[in-house]
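> Letter by letter, the chains look like this.
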Amino acid sequence: MASSKEYRSWQLWALALMVPIFSAAWLNHPSYAMADFAISDFSVIDESQQLDDVPLFEQQFASSDLDEFVHSPSVTALPDGGLLTVWFAGSREGAADVDIRSARYDALSGQWGAETVLVDRELTRSAVGKPIRKLGNPVVALAPDQRLWLFYVSVSVGGWAGSAINVMVSEDLGDNWSRPRQLVTSPFVNISTLVRTSPVFHADGSIGLPVYHEFLGKFPEYLYLDTQGRIQDKFRIADGDNSLQPTVVPIDGKRAVALLRQAGENPHVLATVTEDGGQTWRSEWPVTPWNPNASLSAVKSHRGTLLVAQNNLVDGRFRLSLDEANASLEEWSMIAEIDASPDREGDAIPRHLYEPMLAERFLSSSGGVRRKLVDAYMDGLDRRLCKKDLCDFQYEYPSLIRAGDGRYHLVYVWNNSFIKHVAFNPAWVEAQL
Amino acid sequence: MIILSLQTYLTFSLVLFLLVPLGPLSTSRRIGVLFGLTVLGMLPLVHGMSPAGYVRGVTDDLACTSMVWLVAAALMRLGFIAPWARPQPLQLWICFAVLGVVLFPAAMGVGMIDTYGWGFTPRPMLIGVAGLTLVMVLLRNAAGAFLLLAATAAFMLDVKPSDNYWDYLLDPFIFLYSLGALAVSGIRWVVSRRPHLPESLPAAHDELGQSGRTNA
Numbered sequence: 001m002a003s004s005k006e007y008r009s010w011q012l013w014a015l016a017l018m019v020p021i022f023s024a025a026w027l028n029h030p031s032y033a034m035a036d037f038a039i040s041d042f043s044v045i046d047e048s049q050q051l052d053d054v055p056l057f058e059q060q061f062a063s064s065d066l067d068e069f070v071h072s073p074s075v076t077a078l079p080d081g082g083l084l085t086v087w088f089a090g091s092r093e094g095a096a097d098v099d100i101r102s103a104r105y106d107a108l109s110g111q112w113g114a115e116t117v118l119v120d121r122e123l124t125r126s127a128v129g130k131p132i133r134k135l136g137n138p139v140v141a142l143a144p145d146q147r148l149w150l151f152y153v154s155v156s157v158g159g160w161a162g163s164a165i166n167v168m169v170s171e172d173l174g175d176n177w178s179r180p181r182q183l184v185t186s187p188f189v190n191i192s193t194l195v196r197t198s199p200v201f202h203a204d205g206s207i208g209l210p211v212y213h214e215f216l217g218k219f220p221e222y223l224y225l226d227t228q229g230r231i232q233d234k235f236r237i238a239d240g241d242n243s244l245q246p247t248v249v250p251i252d253g254k255r256a257v258a259l260l261r262q263a264g265e266n267p268h269v270l271a272t273v274t275e276d277g278g279q280t281w282r283s284e285w286p287v288t289p290w291n292p293n294a295s296l297s298a299v300k301s302h303r304g305t306l307l308v309a310q311n312n313l314v315d316g317r318f319r320l321s322l323d324e325a326n327a328s329l330e331e332w333s334m335i336a337e338i339d340a341s342p343d344r345e346g347d348a349i350p351r352h353l354y355e356p357m358l359a360e361r362f363l364s365s366s367g368g369v370r371r372k373l374v375d376a377y378m379d380g381l382d383r384r385l386c387k388k389d390l391c392d393f394q395y396e397y398p399s400l401i402r403a404g405d406g407r408y409h410l411v412y413v414w415n416n417s418f419i420k421h422v423a424f425n426p427a428w429v430e431a432q433l
Numbered sequence: 434m435i436i437l438s439l440q441t442y443l444t445f446s447l448v449l450f451l452l453v454p455l456g457p458l459s460t461s462r463r464i465g466v467l468f469g470l471t472v473l474g475m476l477p478l479v480h481g482m483s484p485a486g487y488v489r490g491v492t493d494d495l496a497c498t499s500m501v502w503l504v505a506a507a508l509m510r511l512g513f514i515a516p517w518a519r520p521q522p523l524q525l526w527i528c529f530a531v532l533g534v535v536l537f538p539a540a541m542g543v544g545m546i547d548t549y550g551w552g553f554t555p556r557p558m559l560i561g562v563a564g565l566t567l568v569m570v571l572l573r574n575a576a577g578a579f580l581l582l583a584a585t586a587a588f589m590l591d592v593k594p595s596d597n598y599w600d601y602l603l604d605p606f607i608f609l610y611s612l613g614a615l616a617v618s619g620i621r622w623v624v625s626r627r628p629h630l631p632e633s634l635p636a637a638h639d640e641l642g643q644s645g646r647t648n649a
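Protein chains in written order, with our numbering: chain W, 1 to 433; chain L, 434 to 649.
Derived by calculation from the structure, the hints in this document are not laboratory data.
Please note that a few of the clues may not be correct.
Coverage of chain W stretches by chain L, computed from C-beta distances (three or more under 8 Å per stretch; other residues unrestricted) [what the hints assert, rightly or not]:
{"hint": "1", "region": "63-76"}
{"hint": "2", "region": "143-155"}
{"hint": "3", "region": "175-185"}
{"hint": "4", "region": "227-234"}
{"hint": "5", "region": "371-377"}
Calculated pairs, SDA-like style, for lysine to any residue (alpha carbon to alpha carbon, straight line, at most 20 Å) [claimed, not checked]:
{"hint": "6", "chain 1": "L", "residue 1": "K593", "chain 2": "W", "residue 2": "I191"}
{"hint": "7", "chain 1": "W", "residue 1": "K388", "chain 2": "W", "residue 2": "M378"}
{"hint": "8", "chain 1": "L", "residue 1": "K593", "chain 2": "W", "residue 2": "A127"}
{"hint": "9", "chain 1": "W", "residue 1": "K387", "chain 2": "W", "residue 2": "W332"}
{"hint": "10", "chain 1": "L", "residue 1": "K593", "chain 2": "W", "residue 2": "F188"}
{"hint": "11", "chain 1": "W", "residue 1": "K300", "chain 2": "W", "residue 2": "D276"}
{"hint": "12", "chain 1": "W", "residue 1": "K387", "chain 2": "W", "residue 2": "D343"}
{"hint": "13", "chain 1": "W", "residue 1": "K5", "chain 2": "L", "residue 2": "L572"}
{"hint": "14", "chain 1": "L", "residue 1": "K593", "chain 2": "W", "residue 2": "S126"}
{"hint": "15", "chain 1": "L", "residue 1": "K593", "chain 2": "W", "residue 2": "R181"}
{"hint": "16", "chain 1": "L", "residue 1": "K593", "chain 2": "W", "residue 2": "D343"}
{"hint": "17", "chain 1": "W", "residue 1": "K5", "chain 2": "L", "residue 2": "A575"}
{"hint": "18", "chain 1": "L", "residue 1": "K593", "chain 2": "W", "residue 2": "G229"}
{"hint": "19", "chain 1": "L", "residue 1": "K593", "chain 2": "W", "residue 2": "R230"}
{"hint": "20", "chain 1": "W", "residue 1": "K254", "chain 2": "W", "residue 2": "D226"}
{"hint": "21", "chain 1": "L", "residue 1": "K593", "chain 2": "W", "residue 2": "A24"}
{"hint": "22", "chain 1": "W", "residue 1": "K5", "chain 2": "L", "residue 2": "L571"}
{"hint": "23", "chain 1": "W", "residue 1": "K372", "chain 2": "W", "residue 2": "R361"}
{"hint": "24", "chain 1": "L", "residue 1": "K593", "chain 2": "W", "residue 2": "Q182"}
Note that the structure is predicted; figures quoted are calculated from it, not measured.
All C-beta atoms in this analysis are idealised placements derived from N, C-alpha and C, irrespective of residue type, glycine included.
One chain only, chain W, in its complex shape:
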């Protein structure tokens, strides 16, 4: 048994240690000032980049592999007018052979180049030092300082609820990438944080990354990262177990709207608003469009409204539309159907009727470079589309951006088989109204 004198002695030592340790920890972790949202000013587009008033609507496949299941694309605009899109592909969703692919769009030729593997399980495993079962949901974005950020999820144990977010950065517009690094976003052995939708940037280059959880609850959050990709803070967008995959659209420096994928009973898109740069969010409320538990994507339009690419359906993902909402999200209207099944109810179609429809849609969607793939693709028609001689059309997981030249770019999954890119300009939007 220690004497009182000995106790007093170690208590003094402990107090002597406490002061420098806690003081240094305090000084090493200063509070930060959250910057306003970075708002693109499309009114000052360089004259040489000004587009004419002719409506423009182009479509083509960004991916080129014929055999694999593709999913969850994301797109960003590059400084030279080109695009970079990323997605995941493999024998099926969640398979061990899934990797993260990318393709580049050349602005001069107006064509997509060949797809390449950007990161795979092996690279992720060796970089983060954990076994990796599967990869998914890549998101790419160009920061104001011209660095490209790639976020994607990986799973070490269990299903998608066991996901953690990995980050890579490129200093040379995607020619070379850093090794993956895992973000620690959850105290529960760092599982159950996923990313799906594009980050937004703040005025000082810091990053706002919309993420979501789907372990015990299903709820979205807003990760605030500094310019080096270190987490500075995290804010809850909604709680509970009914919303996923927030798409965040800054309206001005402080205000942003988040539209949420519905994962609960009420089959409508959920919406919420922040007035303080993402730190606090109003309680989410259902808005007019239907949402069949499907990912959606939105941007601020040249009209000051929101353009939303979504499956505005009670059930299924057989129709992808472009809709417009006013700033208060009370008035909604459809701009155009981007892709849709010929069956208005989305019912499965017998294979002998389906095949010519699919071939026709392939030819109208693929663009010049990929058009020659049609025969090989039709020969390999498989379970991605048909089961027991009944086949479906599916158009899902949109990612919508507005590039520096004012054009809109939309990528989405075309029948589980290709990443389809649709480009249109403000004049085309106006022509649809």
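Chain W is fixed; fit chain L onto it per the hints.
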């Protein structure tokens, strides 16, 4: 071979060392077992990933408090330090159970308050943990004070991949261990407070028996 962090290998070897039955092994042989387990944790298996890496796939990086606690338990098992005297462990279990109740339910989405987010802007938490450390010092709980000081020092030095103070202080394992230990202690306490019927009944029976014999 994929090189992992020192913490990953230590976690693997210390946890196994505390779980395997060592019987009457001498201290030097126990050190040999610990060394062997460390080597085992480093052996590359499929695609260069070691057993320690596979365990990390499930546990992620343990909190610094858990690591210090594991090291202390291993040193006790080696006979280098004396077991912590009560009530030190009880105070630690209460401390980490309460911290876990504050952290985990809210972090998992119960309500709009995200207590995990507090750890990214940690100055208010630092004041709270400094207060907790002071309480441990005043309670003469050296182990508790050392755990909290070590975790804060590690946070100050940024030794983990996490930017969140909570990840240095707490993980699900130390929380569940503390809850379990409190539950076992509580059950033991309840059992110890019950009347000792098995001992008193025979005595009563004897009295009744004698009484019966007397009456007879």
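> Run every hint past the structure and note whether it holds.
Each hint tested on the structure:
1. 63-76: Contact hint for the region 63-76 of chain W vs chain L: violated, 0 residues under 8 Å.
2. 143-155: violated (count 0)
3. 175-185: holds (count 3)
4. 227-234: This one holds; 5 residues, not fewer than the three required, reach chain L with a Cβ under 8 Å.
5. 371-377: violated (count 0)
6. K593/L with I191/W: 16 Å, holds
7. K388/W with M378/W: 17 Å, holds
8. K593/L with A127/W: 15 Å, holds
9. K387/W with W332/W: 36 Å, violated
10. K593/L with F188/W: Holds - the C-alpha atoms of F188/W and K593/L are around 15 Å apart, at most 20 Å.
11. K300/W with D276/W: With Cα atoms ~18 Å apart, K300/W and D276/W stay inside 20 Å; holds.
12. K387/W with D343/W: 17 Å, holds
13. K5/W with L572/L: 15 Å, holds
14. K593/L with S126/W: Given pair K593/L, S126/W holds - Cα atoms ~18 Å apart, limit 20 Å.
15. K593/L with R181/W: It holds: about 13 Å lies between the C-alpha atoms, which stays within 20 Å.
16. K593/L with D343/W: Given pair K593/L, D343/W is violated - Cα atoms ~54 Å apart, limit 20 Å.
17. K5/W with A575/L: 15 Å, holds
18. K593/L with G229/W: Roughly 15 Å separates the two Cα atoms, so the pair holds.
19. K593/L with R230/W: 13 Å, holds
20. K254/W with D226/W: 17 Å, holds
21. K593/L with A24/W: Cα-Cα ~17 Å, so holds.
22. K5/W with L571/L: Judged against 20 Å, a Cα distance of about 14 Å means the pair holds.
23. K372/W with R361/W: 14 Å, holds
24. K593/L with Q182/W: Holds - the C-alpha atoms of Q182/W and K593/L are around 12 Å apart, at most 20 Å.
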